[in-house]
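S.K.: So you can see what is in the structure, the chains are spelled out below.
2 protein chains.
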Amino acid sequence: MVQFVHPSKEDITLEGVLEALADPMRLRIIKSLMKVEGCMSCSEAAPCPDMAKSTLSHHFRTLREAGLIRTTKKGVENQNVVRIEDINSRFPGLLKLILELSN
Amino acid sequence: MVQFVHPSKEDITLEGVLEALADPMRLRIIKSLMKVEGCMSCSEAAPCPDMAKSTLSHHFRTLREAGLIRTTKKGVENQNVVRIEDINSRFPGLLKLILELSN
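Quick mapping for you: the protein sequence lines, in order, are chains A and B. Heads up: the first sequence at position 32 corresponds to 32 in this note's numbering, and the numbers run straight through without jumps. So the mapping is simple: this note's numbering equals the position in the second sequence, first residue as 1, plus 1000.
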């Protein structure tokens, strides 16, 4: 069974969050995930339909390891959700502002 | 004569700014620079007194290329200042929030 590693809320760092968001593709993934209630698969949240699966996996792993998303295996798909409460608790206002500024 | 390359205000990107600030040493340099009125030399704004000159130069170049600081040659020293108006004009509230959250 695939196990995904997520940092605990206390281990989410400002530097890690900024680094993970310093990429237009990852910003688009976060925006897609925040548009829906509940989870999205990696392919549903892909910023480009023709993005290589390995590239997509890399972006999701970067977001996960920074503490920005939580991934769970459901059937044959990985389902992702933004850890909005954890991020807002650690860094109030940051994610909202960055998403607004990236428009 | 040393010429430093600075992006124009319009060419400063959100991704570049986030990437440059995703490092605790660079955040400390920015904080030091913002504490003074006017410019600081690289050694005055160094986050650690024993940081290698090449490492320090790398951090200043990263900040400069992201559009966060402006460097000018004055005598034998490079003088640096945060491009606070340009950054606030491009990304209102971002630098202030990141600096607050990094405390």
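Mixed in with the good hints, there may be bad ones.
[Stated by the list, open to error] Heads up, simulated DSS-like pairs for lysine-lysine below, C-alpha to C-alpha not over 25 Å straight-line:
(1) B:Lys-1096 - B:Lys-1074
(2) B:Lys-1096 - A:Lys-31
(3) A:Lys-9 - A:Lys-53
(4) A:Lys-96 - B:Lys-1053
(5) B:Lys-1031 - A:Lys-31
(6) B:Lys-1053 - B:Lys-1009
(7) B:Lys-1031 - B:Lys-1096
(8) B:Lys-1073 - A:Lys-96
(9) A:Lys-96 - A:Lys-9
(10) B:Lys-1035 - B:Lys-1009
(11) B:Lys-1035 - B:Lys-1096
(12) B:Lys-1035 - B:Lys-1053
(13) A:Lys-31 - A:Lys-74
(14) B:Lys-1035 - A:Lys-9
Just so you know, these hints were derived from the structure itself, not from any lab.
S.K.: Each hint: holds or not?
M.R.: Evaluation of the provided hints:
no., hint, in the structure
1, B:Lys-1096 - B:Lys-1074, "28 Å, violated"
2, B:Lys-1096 - A:Lys-31, "23 Å, holds"
3, A:Lys-9 - A:Lys-53, "28 Å, violated"
4, A:Lys-96 - B:Lys-1053, "37 Å, violated"
5, B:Lys-1031 - A:Lys-31, "30 Å, violated"
6, B:Lys-1053 - B:Lys-1009, "28 Å, violated"
7, B:Lys-1031 - B:Lys-1096, "10 Å, holds"
8, B:Lys-1073 - A:Lys-96, "38 Å, violated"
9, A:Lys-96 - A:Lys-9, "18 Å, holds"
10, B:Lys-1035 - B:Lys-1009, "23 Å, holds"
11, B:Lys-1035 - B:Lys-1096, "13 Å, holds"
12, B:Lys-1035 - B:Lys-1053, "22 Å, holds"
13, A:Lys-31 - A:Lys-74, "22 Å, holds"
14, B:Lys-1035 - A:Lys-9, "31 Å, violated"
Checked against the numbered hints given earlier, this structure breaks hints 1, 3, 4, 5, 6, 8 and 14; the rest are met.
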